[in-house]
Amino acid sequence: MPTIVSVDDSTVPGEGSSRLLLLVSSDNKHIVVEEDIMSRSRFISKQVEGFEATSQRHAILLPFSSFVLNKVIEYCSHYRGYYLLEDDPDAAPPGRSPVREWDQEFLDVDRNMLLRIIKAAHYLEIKSLVGSCARAIADMIRGKTTEEMREILGVENDFTPEEEHSPSSKCTG
Amino acid sequence: MDSAAPTDDVDGEKRRRVKDFELQPIAIRSPINRVPNEILREIFSNFPSFETCALEYSINVSQVCRLWRALALEMKDLWTEIAVGSQMGNSARHVELALERSVPRPITVHIASSWTGGHRTPVLRALRELPRVRVLCIGDGEGLAHGDLLDSVAQALRTCHTPRLEELRLYNIADDLFQDRLFAGQVSQKLRVLTVVACSLPPIVVRAPLTHLDVTLMDVGDLLEILRCLPSLEHLSFTPTLDLESSPAEFISRPVASLPRLRDISVTGFVKSITQFVQFLEFAVDVDLDLQLLCEDPSESPHYYSQFSWICNGRLSNVIALGLYYQDLYISSRDEEDLTLKAHNPVLPLGEGPRLPQEISLSFIEGHRFSDDTGIITPLLSFLPAVHSIRTLATNSIPYRFLREWESMSSRLPEVASIIVLGPAAHGLAMALNAHEGLFPHLTVLSIENVAFADLVDERPRTLADIQRSFRDWESESDSGRMGKPESEAVPELEIPSEMEKGVSFFEHLLKGLRTREAAGLPIGRVSIRGCDVTADMVAQVRTVLGADCVEWDGQEDMGPRPRMWVDI
Numbered sequence: 001m002p003t004i005v006s007v008d009d010s011t012v013p014g015e016g017s018s019r020l021l022l023l024v025s026s027d028n029k030h031i032v033v034e035e036d037i038m039s040r041s042r043f044i045s046k047q048v049e050g051f052e053a054t055s056q057r058h059a060i061l062l063p064f065s066s067f068v069l070n071k072v073i074e075y076c077s078h079y080r081g082y083y084l085l086e087d088d089p090d091a092a093p094p095g096r097s098p099v100r101e102w103d104q105e106f107l108d109v110d111r112n113m114l115l116r117i118i119k120a121a122h123y124l125e126i127k128s129l130v131g132s133c134a135r136a137i138a139d140m141i142r143g144k145t146t147e148e149m150r151e152i153l154g155v156e157n158d159f160t161p162e163e164e165h166s167p168s169s170k171c172t173g
Numbered sequence: 001m002d003s004a005a006p007t008d009d010v011d012g013e014k015r016r017r018v019k020d021f022e023l024q025p026i027a028i029r030s031p032i033n034r035v036p037n038e039i040l041r042e043i044f045s046n047f048p049s050f051e052t053c054a055l056e057y058s059i060n061v062s063q064v065c066r067l068w069r070a071l072a073l074e075m076k077d078l079w080t081e082i083a084v085g086s087q088m089g090n091s092a093r094h095v096e097l098a099l100e101r102s103v104p105r106p107i108t109v110h111i112a113s114s115w116t117g118g119h120r121t122p123v124l125r126a127l128r129e130l131p132r133v134r135v136l137c138i139g140d141g142e143g144l145a146h147g148d149l150l151d152s153v154a155q156a157l158r159t160c161h162t163p164r165l166e167e168l169r170l171y172n173i174a175d176d177l178f179q180d181r182l183f184a185g186q187v188s189q190k191l192r193v194l195t196v197v198a199c200s201l202p203p204i205v206v207r208a209p210l211t212h213l214d215v216t217l218m219d220v221g222d223l224l225e226i227l228r229c230l231p232s233l234e235h236l237s238f239t240p241t242l243d244l245e246s247s248p249a250e251f252i253s254r255p256v257a258s259l260p261r262l263r264d265i266s267v268t269g270f271v272k273s274i275t276q277f278v279q280f281l282e283f284a285v286d287v288d289l290d291l292q293l294l295c296e297d298p299s300e301s302p303h304y305y306s307q308f309s310w311i312c313n314g315r316l317s318n319v320i321a322l323g324l325y326y327q328d329l330y331i332s333s334r335d336e337e338d339l340t341l342k343a344h345n346p347v348l349p350l351g352e353g354p355r356l357p358q359e360i361s362l363s364f365i366e367g368h369r370f371s372d373d374t375g376i377i378t379p380l381l382s383f384l385p386a387v388h389s390i391r392t393l394a395t396n397s398i399p400y401r402f403l404r405e406w407e408s409m410s411s412r413l414p415e416v417a418s419i420i421v422l423g424p425a426a427h428g429l430a431m432a433l434n435a436h437e438g439l440f441p442h443l444t445v446l447s448i449e450n451v452a453f454a455d456l457v458d459e460r461p462r463t464l465a466d467i468q469r470s471f472r473d474w475e476s477e478s479d480s481g482r483m484g485k486p487e488s489e490a491v492p493e494l495e496i497p498s499e500m501e502k503g504v505s506f507f508e509h510l511l512k513g514l515r516t517r518e519a520a521g522l523p524i525g526r527v528s529i530r531g532c533d534v535t536a537d538m539v540a541q542v543r544t545v546l547g548a549d550c551v552e553w554d555g556q557e558d559m560g561p562r563p564r565m566w567v568d569i
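Chain order of the listed sequences is B and S.
Counting in this note's numbering, the first sequence runs from 1 upward without gaps.
Counting in this note's numbering, the second sequence runs from 1 upward without gaps.
Any given hint could be a false lead.
Here are some of the chain B residues that sit facing chain S, going by a computed Cβ distance under 10 Å [claimed, not checked]:
| no. | residue |
| --- | --- |
| 1 | I118 |
| 2 | G131 |
| 3 | C133 |
| 4 | I137 |
| 5 | A138 |
| 6 | I141 |
| 7 | M149 |
| 8 | L153 |
| 9 | E156 |
| 10 | F159 |
| 11 | E164 |
Just so you know, these hints were derived from the structure itself, not from any lab.
None of the values given here were measured: they were computed from a predicted structure.
Glycine included, each C-beta is placed from N, C-alpha and C at the ideal position.
Sequences are here, hints too, so could you generate the full structure?
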């Protein structure tokens with residue numbers, strides 16, 4: 001659960017044409033962002049609804065670093081105002097869609113960063129970003145052997161030698 | 001001996017726990033293992049669909065670690081793609097494994113055509129599961145399907161019901177009898193999608209409620225016969241065996257007339273068939289049709305091919321067509337509010353009612369024959385009475401050919417008030433302004449950019465030899481670096497010899513045209529000249545005609561490299 005703290009009006013810039021949110025990262029960086037931008041996040045949207053009920057302004061503490069948070073904000077800013085089927089809670093789950101060109105470039109980061117972004121997107125409930133990250137990770141291991149998959153994603157082989165060589169696991173998959 | 005067994009068990013259990021304890025921290029350290037299982041499932045679900053390696057992927061994923069294995073075994077969809085019948089196909093043991101782990105999900109079975117006797121077992125095993133098959137692919141791009149394969153498949157399909165079958169793909173099957181034998185009994189009423197490549201259509205198509213039909217390398221006449229029997233068809237993708245120039249005229253009207261639900265057509269063909277598609281488009285306007293027309297592989301037919309796309313969306317239809325460099329083509333804008341179409345090759349919007357485009361952008365690139373013998377310009381322009389702005393770019397084209405098009409556009413787009421013209425297209429416009437004082441009667445803003453005026457002379461070759469000579473001269477002059485530099489600062493005489501414009505520069509055409517309009521009470525209110533090789537004296541003459549405040553000039557005389565001329569004879 002995120003921690004929500006009350007803040008003074010002086011902390012959050014005043015309301016303009018688009019309301020502003022204060023996001024606080026795990027490294028205690030305060031990031032002000034327009035609510036419109038983050039409306040793609042169902043998690044944030046739900047938090048904002050809660051704020052309206054209490055008519056109080058809040059900061060939202062998030063369990064990931066400002067570096068990751070900024071990447072997520074960059075993604076949300078890029079698609080601000082765009083309709084993405086994956087993020088529509090009322091739409092039927094989409095089938096596989098090709099990776100958007102911009103996303104490919106955006107997610108051209110190292111493995112650990114990609115994993116951090118997908119975790120953040122999952123936490124913030126941004127399905128389109130989760131989907132894009134998942135496709136990017138899947139592409140990394142596509143056509144690879146088991147050993148290569150382990151190597152690429154840094155997964156430890158925790159099978160015992162017996163399990164690994166038993167007919168039920170190794171040989172038949 | 002009897003008491004030793006429990007002790008061994010206890011020791012074994014302790015050893016296992018110790019091993020687990022040793023392994024645990026290592027697994028936790030791995031960043032991928034710190035992501036929630038839900039994310040891992042999302043990653044795994046992106047398995048390679050419709051590829052022979054799909055099952056191999058799933059097997060490899062399940063062998064990475066205990067967690068992945070547990071998740072992979074939970075995900076039944078991960079085991080639903082089976083490929084059999086070739087060296088790359090799955091072994092009988094893996095097929096068995098996939099069938100077991102995917103229960104009760106519907107499955108996809110690919111049966112390759114390059115099978116030998118050694119592949120028979122997995123093929124037959126997969127065919128026994130036909131009642132669970134949702135997608136069935138027979139054959140592949142590797143070669144003609146083998147007779148034994150067809151016999152086995154036909155036999156299985158004749159005896160086995162396929163209630164879940166939604167999609168059937170047939171590749172490279174030369175045996176027409178096979179199609180006849182397909183589904184001799186009942187055909188799935190869920191069958192919606194049929195893909196047929198390099199083989200004839202099986203008769204079952206008329207008994208299935210197909211909504212999607214993708215046909216490659218088939219005779220147009222055969223397709224027409226089938227289309228009459230597919231009233232529920234919504235999407236048609238078609239690549240003919242022949243170029244559509246020789247296709248029967250019925251192709252134009254029949255699909256629309258007999259397929260009331262048809263919404264989307266994708267045709268791959270040669271550019272020389274474009275006239276017929278223009279007519280098709282006219283039919284399509286009234287039936288809410290999406291049409292996408294593509295032509296691939298430019299290397300095959302360098303003079304006719306292209307990739308071109310038409311997209312018609314109901315009353316708003318954007319047409320993108322022609323050109324040699326398919327990568328330069330642009331698909332359309334469908335933004336109803338602000339429809340400005342841009343493309344590197346002719347983009348002609350087609351529509352009616354309130355969604356009519358207000359601006360069109362026409363760009364002509366090397367290789368496009370801009371005479372009306374393509375048949376594309378004239379029929380389409382009749383749909384565009386509301387256009388008030390034209391932006392035209394031409395490079396590497398024969399200047400005088402544009403004259404006719406400007407005349408045509410003027411008669412069909414009478415409301416045009418603004419023209420931006422770039423490159424050699426301006427030569428045709430200059431000539432047209434000179435030749436017709438009523439050209440674009442509402443034209444008030446003219447912007448001319450990056451045009452060579454001063455040294456390019458209209459000599460209007462009349463014969464093939466003239467044309468060839470003309471362009472040889474052009475190229476040799478261009479190579480010697482003379483192009484773009486006026487030989488003389490002297491302004492040509494404005495009086496045009498009565499024997500027509502022979503030897504007159506295009507700037508003279510323009511200037512005379514502006515004067516004629518001024519005299520006729522149709523003045524162009526504002527002229528902007530940018531990046532052209534005109535001199536200050538030439539601009540002064542234009543200012544004399546229109547007034548000093550009405551002419552903008554950037555003073556740039558250096559146009560940079562001139563585009564290479566192109567001749568299509």
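For a quick check of understanding: which of the numbered hints are violated here, in increasing order? Going through the list in order, the structure violates no hint and respects every one.
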